Amino acid sequence: MLKIVERTRLWFAISLIIIFAGLISLVVQGLNYGVDFRGGTVVTVNIGKDFDSKEIRQIAEKYDPQSTVRKIEGNQVEIISGNLTDEQVPKLFNDLKAKYNLTDKDLLSTNRIGPSVGNELKRNALKSVAVATILMLIYIWIRFEIKSGVAAIIALLHDVLITISVYTLLQIPVNSSFIAAILTILGYSINDTIVIFDRIRENRRTHKYHDYTTLANASITQTMARSINTVMTTLFTITAIYILGVPSIKEFALPLIIGIISGAYSSIFIASPIWVLWKKGEKYV
Amino acid sequence: MKARNGFVFTLSAIIIIVFAYLLMFGANLGPYYRFNAAKDLLKLGLDLRGGVYIEMEAVDKNVDQDALERARQMLELRVNNLGVAESTVAIAGGNRIRIEIPGISDAKAALEQVGRTGKLRFVGPDGKEEILTGSDVKDSTVGVDPQTNQPVVQLKLNEAGAKKFAEATKKYIGQPISIYMDEDLISSPTVQNEIPNGEAVITGMKDLDEAKRVAGIIKSGALPVKLQAATVRTIGPSLGAEAIPTSTKAAVIGVSLVMIFMLLYYRVPGFIADLALTVYIILTVLIFIGIKATLTLPGIAGMLLSIGMAVDANVLIFERIKEELKIGKSLKSSIDAGFHRALSSILDSNITTLIAGFVLYYLGSGSVKGFALTLILGVLTSMFTAITITRFMLKTFVNTGWIKNTKFYGA
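Those protein sequences? They're chains X and R, same order as listed. Each step along the first sequence adds one to the number in my numbering, with nothing skipped, and position 7 is 308. Each step along the second sequence adds one to the number in my numbering, with nothing skipped, and position 257 is 260.
Keep in mind the hints are simulated off the structure, nothing from the lab. Bear in mind the structure is a predicted one, so any value in this text is a computation, not a measurement. Backbone N, C-alpha and C fix where the C-beta goes; we use that ideal spot for every residue, glycine too. One thing to keep in mind: the hints can contain errors.
Cβ-Cβ distance ranges computed for the label pairs, FRET-style [to be verified]:
| hint | chain 1 | residue 1 | chain 2 | residue 2 | range |
| --- | --- | --- | --- | --- | --- |
| 1 | X | T404 | R | S259 | 45 to 53 Å |
| 2 | R | T13 | X | A526 | 55 to 63 Å |
| 3 | X | P416 | R | D109 | 20 to 28 Å |
| 4 | X | L427 | R | K335 | 35 to 43 Å |
| 5 | X | G383 | R | G146 | 46 to 54 Å |
| 6 | X | G383 | R | A163 | 25 to 33 Å |
| 7 | X | Q389 | R | K215 | 19 to 27 Å |
| 8 | R | P34 | X | E503 | 18 to 26 Å |
| 9 | R | F22 | X | P416 | 47 to 55 Å |
| 10 | R | D142 | X | K428 | 36 to 44 Å |
Taking lysine-lysine pairs in the DSSO-like style, the calculated list, with each CA pair at most 30 Å apart, reads [to be verified]:
| hint | chain 1 | residue 1 | chain 2 | residue 2 |
| --- | --- | --- | --- | --- |
| 11 | R | K229 | R | K64 |
| 12 | R | K329 | X | K423 |
| 13 | X | K423 | X | K363 |
| 14 | X | K350 | X | K363 |
| 15 | R | K215 | R | K325 |
| 16 | R | K111 | X | K398 |
| 17 | X | K355 | X | K406 |
| 18 | R | K332 | X | K509 |
| 19 | R | K131 | X | K428 |
| 20 | X | K372 | R | K209 |
| 21 | R | K329 | X | K509 |
| 22 | X | K448 | X | K406 |
| 23 | X | K350 | X | K509 |
| 24 | X | K392 | R | K229 |
| 25 | X | K392 | R | K111 |
| 26 | X | K423 | R | K229 |
| 27 | R | K215 | X | K551 |
| 28 | R | K335 | R | K325 |
| 29 | R | K295 | X | K428 |
| 30 | X | K551 | R | K111 |
| 31 | R | K46 | R | K122 |
| 32 | X | K304 | R | K329 |
| 33 | X | K551 | R | K42 |
| 34 | X | K406 | X | K428 |
| 35 | R | K252 | R | K372 |
| 36 | R | K46 | X | K509 |
| 37 | R | K410 | R | K372 |
| 38 | X | K400 | X | K428 |
| 39 | R | K5 | X | K509 |
| 40 | R | K329 | R | K5 |
Construct all of the structure, not just a fragment, from the sequences and the given hints.
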């Protein structure tokens with residue numbers, strides 16, 4: 302039997318270090334919000350051969366001195382600007398077209414977003430997280446007990462915090478797909494926790510174990526193969542699309558990968574230990 | 004008994020594989036009937052086929068919903084003038100109108116068309132003299148001519164308009180007065196008699212729809228709501244052209260890895276889980292086609308994620324079967340117990356996921372909604388395939404007696 306609960310402090314420490322670093326980073330450098338939230342224009346162009354970002358920056362700065370130029374894979378370039386207007390975008394592309402002998406097909410995408418759009422997205426997302434969390438808590442309360450519910454929700458918030466921490470620490474751009482991914486993590490990572498709690502509930506009825514620590518350890522051990530295998534199969538598909546997919550799908554797959562790994566970790570190392578800590582005061586029945 | 008089970012199992016497996024093949028590649032069945040491959044039936048989103056996406060936002064935050072709906076209808080009319088099939092014009096988020104025009108890449112032309120001021124003019128027979136403008140019209144409704152029973156458009160002008168119109172109709176009896184919306188001729192009725200009271204009727208409408216359209220245009224004149232383009236996005240055709248093959252490749256590799264893993268780790272049950280997973284993929288694709296859902300890039304990612312998760316119920320069941328075998332139960336009773344005991348975990352974990360999915364669907368917007376739908380469909384379908392299909396196939400297979408050694412079942 303695995304001794305998971307005994308090392309509770311270690312597991313909490315690992316998570317807290319990451320989350321704490323994330324919080325500091327959040328205060329110091331914040332999240333790297335993309336145009337979806339800040340508003341602005343992104344023009345993505347396929348140059349088709351290797352190029353010098355400096356040359357493109359010179360062209361872009363003619364239209365907006367504050368624009369940034371980012372090289373993305375496959376010899377593509379992304380020009381990000383806060384002030385580029387709808388009329389300037391075709392002119393900018395024409396300049397690039399002349400310089401690099403491009404065709405119209407090489408204008409992969411343009412994207413201009415007003416600043417109000419992102420705020421609504423954030424508001425909606427926060428509302429969804431709050432409502433979903435409360436409803437899931439109520440369901441777990443009814444099917445298990447309130448302590449399981451709270452432990453599961455803490456594990457869930459842990460996953461969201463870890464994902465946000467990774468994003469602020471590595472300064473990965475945050476766009477609307479990040480919100481969708483966070484909300485998906487909410488739905489999926491609760492799954493793992495419930496499977497373990499279900500096993501705890503079942504083992505408790507058999508009266509085979511005599512204290513909460515052993516009960517939790519045994520349940521985690523019995524479900525360990527399942528936990529690992531499910532994470533593996535999920536990672537197979539989502540990592541495949543992350544490695545092979547186009548940039549905009551990668552943006553979506555990355556937070557999912559982080560969330561899935563964190564979700565599996567938290568269900569084993571966070572949710573169950575929290576539950577045991579809380580139950581220890583009670584008499585084992 | 005054994006032979007019959009062998010036949011049922013083989014037949015089921017063949018049906019699943021043939022169906023999967025047809026959905027993947029399509030086939031000509033006989034000279035007249037073609038079974039279309041899934042990729043030809045799925046409705047692709049703008050990010051996969053290219054096009055222009057515009058979100059017009061009402062400048063005034065507390066916009067009247069009726070006015071917004073009238074503005075939407077007008078924008079729809081204008082977008083349809085671009086002559087692109089399958090455009091979408093829909094209200095989004097209370098104060099915005101979402102416009103999707105597939106297949107074009109000139110956002111400027113689309114913006115010009117959509118962002119026009121919408122100037123309504125009544126022009127005299129010479130084509131130059133401006134008799135009335137939109138501000139002279141108070142109301143315009145659809146009515147029925149009591150004599151001919153034909154639909155007509157009824158106009159109500161304000162005081163200034165009535166005076167100008169009375170003069171003009173007096174001058175131009177028997178001649179046409181043309182109604183223009185910007186440069187588009189809406190209608191060109193002939194003046195029958197002088198109209199002194201500012202209440203005119205335009206006859207000669209082809210049908211009720213035309214009358215409604217004309218009345219709507221005249222009434223809304225300029226857009227009833229002041230709009231500005233909040234989001235403008237163009238997706239070139241090459242982006243989708245790159246996204247589809249790379250995503251397909253990723254899907255094939257990802258799904259193959261899952262299947263190989265299940266087969267190696269769980270052996271016989273793993274093979275059956277692979278068949279159930281195939282059914283899962285077939286069903287999800289068919290449901291997507293059936294409800295005419297639009298496939299987008301995040302949708303593809305969601306679908307792949309759900310495929311990875313779809314085997315979860317099988318993993319839970321097979322782990323239970325293993326445990327039962329280890330404590331020495333027979334193969335058949337281990338399988339029964341495995342399914343029975345895994346059920347409560349499967350239900351509880353999937354119901355909590357469904358709760359999150361439904362909340363996201365009802366509260367989320369845009370890509371979140373689409374993703375939530377994928378999540379909900381995925382969970383429901385996988386519960387069905389991983390429990391029902393797997394149980395049927397596994398029991399049938401055991402009854403064939405082809406492989407009896409419990410080692411191949413995880414013991």
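Index of numbered hints that the structure contradicts, given in increasing order: 1, 2, 4, 6, 7, 8, 12, 13, 15, 19, 20, 22, 23, 27, 31, 34, 36, 37, 38 and 39
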